[in-house]
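Residue numbering for the sequence shown follows the working numbering, starting at 48 and increasing by one per position.
Just so you know, nobody snuck in bad clues.
Using 30 Å as the maximum straight-line C-alpha spacing, the simulated DSS-like pairs for lysine-lysine come out as follows: (1) Lys90 with Lys198; (2) Lys50 with Lys220; (3) Lys160 with Lys188; (4) Lys107 with Lys50; (5) Lys175 with Lys198; (6) Lys198 with Lys177; (7) Lys226 with Lys188; (8) Lys142 with Lys160; (9) Lys187 with Lys142; (10) Lys198 with Lys219.
Worth flagging that the hints you see were computed from the coordinates, not collected in a lab.
Quick caveat, the model's predicted, so the values are computed rather than measured.
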Amino acid sequence: MKKRTVVLGVCASIAAYRACDIINHLKREDVDVIACMSPDADKFITPLTLQALSGNRTFKDMFEAQEEWDPVHISLARRPDLMLIAPATSDIISKVACGICDDLLTCTIASTKAPVLFAPAMNEAMYKNKILSANITKLKKLGYHFIGPIKGRLACGEKGIGHIADTRDIVKKARTLLK
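Let's have the full structure, built from the sequences with the hints guiding it.
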């Protein structure tokens, strides 16, 4: 069986540190992981951390100079057997639902033929927002996949729905979609 590849989209969320655990779990299952960050994700976790754990270059800038001409979002979109967005913010979910492609991660999601799995993480008020709910419903109808969020301690100190799903559950769902 050929080695499976996951492009892990990491968004600007306090839950970005969970990407490290996700990478470690996937690597233990012999999955090749390539990290792609939203523009402000590096405010929460560094590209170097993701690169060191995955063993692959971390992608963030669509317009970064390259030695050979190869549109990054297209070449990156062709590589995965699954795109996993974890943590997935309200911003990324809503952009994808509306077809907005204004950074490397959104352009890659829009360009891939691989299944896309979102693992939302945000405040309960954001998660329960009617616009976000409609965007999630729309994406599910279009064939996008979701896991979580769950009830738990949120970054603001409150407890509620919006906590990113357990890493083992995210990896289990990813494993299912990789088959």
